[in-house]
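Colleague: Listed below, chain by chain, are the residues.
2 protein chains.
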Amino acid sequence: MTEAVSRPTLEAVAALAGVSRATVSRVVNGGDGVREPLAERVRQAVAELGYVPNRAARSLVTRRHDAVAVVIAEPEARVFADPFFALQLRGISKELTAHDNQLVLLLTEGRDDHARVARYLAGGHVDGALVFSLHLDDPLPGLIHDAGVPTVFGGRPDWGDDPRAGRSAGVVYVDCDNRGGARAAVRHLVDLGRRRIAHLTGALDQTSAVDRLDGYREVMADVPGGADARLVVESDFTPAGGERAMRTLLDRCPDVDAVFAANDLTALGALRVLRESGRRVPEDVAVIGFDDMLPVTEQTEPPLTTVRQDIEEMGRLMARLLLHGLPGGRDRVALRADTPPDGGVILPTTLIRRASA
Amino acid sequence: MTEAVSRPTLEAVAALAGVSRATVSRVVNGGDGVREPLAERVRQAVAELGYVPNRAARSLVTRRHDAVAVVIAEPEARVFADPFFALQLRGISKELTAHDNQLVLLLTEGRDDHARVARYLAGGHVDGALVFSLHLDDPLPGLIHDAGVPTVFGGRPDWGDDPRAGRSAGVVYVDCDNRGGARAAVRHLVDLGRRRIAHLTGALDQTSAVDRLDGYREVMADVPGGADARLVVESDFTPAGGERAMRTLLDRCPDVDAVFAANDLTALGALRVLRESGRRVPEDVAVIGFDDMLPVTEQTEPPLTTVRQDIEEMGRLMARLLLHGLPGGRDRVALRADTPPDGGVILPTTLIRRASA
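Chains A and B are the protein sequences, given in the same order.
For the first sequence, full-length UniProt numbering begins at 1 and goes up steadily by one.
For the second sequence, full-length UniProt numbering begins at 1 and goes up steadily by one.
It is worth saying that the hints were derived from the structure and are not from the lab.
Any given hint might turn out to be false.
Since the list gives no way to pick out one identical chain from another, each pair is judged satisfied if it fits inside one copy or across any two copies.
Below, a list of computed lysine to aspartate or glutamate pairs in the EDC-like style, where the Cα atoms sit at most 16 Å apart [to be verified]:
(1) K94 to D66
(2) K94 to D112
(3) K94 to E109
(4) K94 to E74
The structure presented is a predicted model; accordingly, all values stated were derived computationally and were not measured.
Put together the whole structure using the sequences plus the hints.
Modeller: Rendered as structure tokens:
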């Protein structure tokens, strides 16, 4: 019984109050459903013994940690190299801090570590998870689903024909209007009189890249000669990938007069190669990006026309949706009247005209 | 007893095996100290009831989560803006992943959130913490100490006259030879024949900045006129701070012929202002930085002479020291023979000569 002396246990409180452990637990953790005379007896026993509930043990019962995990399904080095993630984390961090929740960023070296991430999520260390940058065939969503952790996804997940596809009902995610934004960009190029309009895609195992490609194709279907498959070059959302894709494109289609890049980083690489090749932007080749990654888009030579999405706001909204959906969250975190609390939220995009197109 | 049917409890196993809960717990968690006949009885009861230990409950007992927190005592936005942290995290991430430990990065908006960080650390979610970028008077080290979490610090902590200074015995940290590196930089400038050698300091509430200033002063004490206080301008380790400090310096000492900047980012700002002011580097003013933040230091105009510290290795070593110090860690994580397992480890620095000095 030395333990009870040095640190009074729940059992000791229960014994002194003459109630069950469950009753003590409910009272200590502020839960309902205990009649007042009983609750009072428990409180007296707690006071008498100087019982201090163990934090970790308590969170096992309340199941609340006031902590939210963020999982970015990219290697750690990529997370710190791409300003997109920094912006999204900025929104998430502000929103979680405003609600006194701890942001727990789980970093990995790659997909092999995703099982360990899922284990941590299942281990009772966080109340929920914000997951973004999913790639097709990543086991992470299935693992998270099995772990039973409330989750909001950044970007529309694509469950494909996963046997557990039933879970896609009620999946909560925030995305921007990738397809509509792409359509607006390509239409703008058409309106400028361009006809040989190319697309450097994002990583096509991500829905954002697929949706932007679809938007490009929808507009190009009405452009004479627009269905030319050589005008589409696969890339990967990075500046180096943009350079490679632009070189391939110039080899294939030296008559190209416009480029819609899947994001601003890809456009950066394309601008570099166009400059090297002696082509003027926008006179010879007009260029449009996607994201509006400030201040980069204002500092390119020439400043970049792009499709703006509010990345920080996406992060904020993901955090709000998650907190709102947790037990008791409705009372703590309000959503705008037009935000559906479950299912997908699609934020609008805006074409920002600068000098490159 | 419905609970026992739907999910067998530890108590049910104990009752069936005829042993105490503590014995079941020890066996289930692979602990020692249970005689074999007893252990066998527990295993049979576990099998018979289909008992599955709750992960969170189990980690309460084993006190092992295979997860390590990283706390950077800077606002989230700063963490993503300064490549120093990305490099240190790279080393930490590789090392933790190699030992199948989850990297848990706890982000904050500022010092007001440090109590919440300490609460998370104390809550039984990680095995230990790696803490860096401490500033004087930050309550974090005290809070972490009170939380009883094994910790390795990045950079020598300065407990000053904190009433809990007793804890400084046995504090484990990794740092580089800030003072020696600074001395080497300033000596090199003296050897080049420079006499009006200025120092743009780092944030002087951090020991790294204080140590680099001390190194500068030690060498300048032997330079005629070197004790001129106007040659030292306080700054803050950022490019914008470096610009401000360089402007102040040019106002005060237009005859300056060399600048030792407290880090590369500060040197970046100084180079910009020197260019604006029409001064040639290194002909009119020689410039040396600190860190060797590649690829930035190779891409400055002119390429930057700097004091190299191996930032990624510092991160790796912090992680190894922490894992080594955890219960059972000695068997899993080896240290080099010359690495003291507790106390401070000081890594060497090297002067890297490029064109700026």
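Colleague: Run every hint past the structure and note whether it holds.
Modeller: Here is how each hint holds up against the structure:
no.: 1; hint: K94 to D66; result: within (14 Å within a copy, 28 Å between copies)
no.: 2; hint: K94 to D112; result: between (30 Å within a copy, 13 Å between copies)
no.: 3; hint: K94 to E109; result: between (26 Å within a copy, 7 Å between copies)
no.: 4; hint: K94 to E74; result: between (22 Å within a copy, 14 Å between copies)
Violated hints for the displayed structure: none, as all numbered hints are satisfied.
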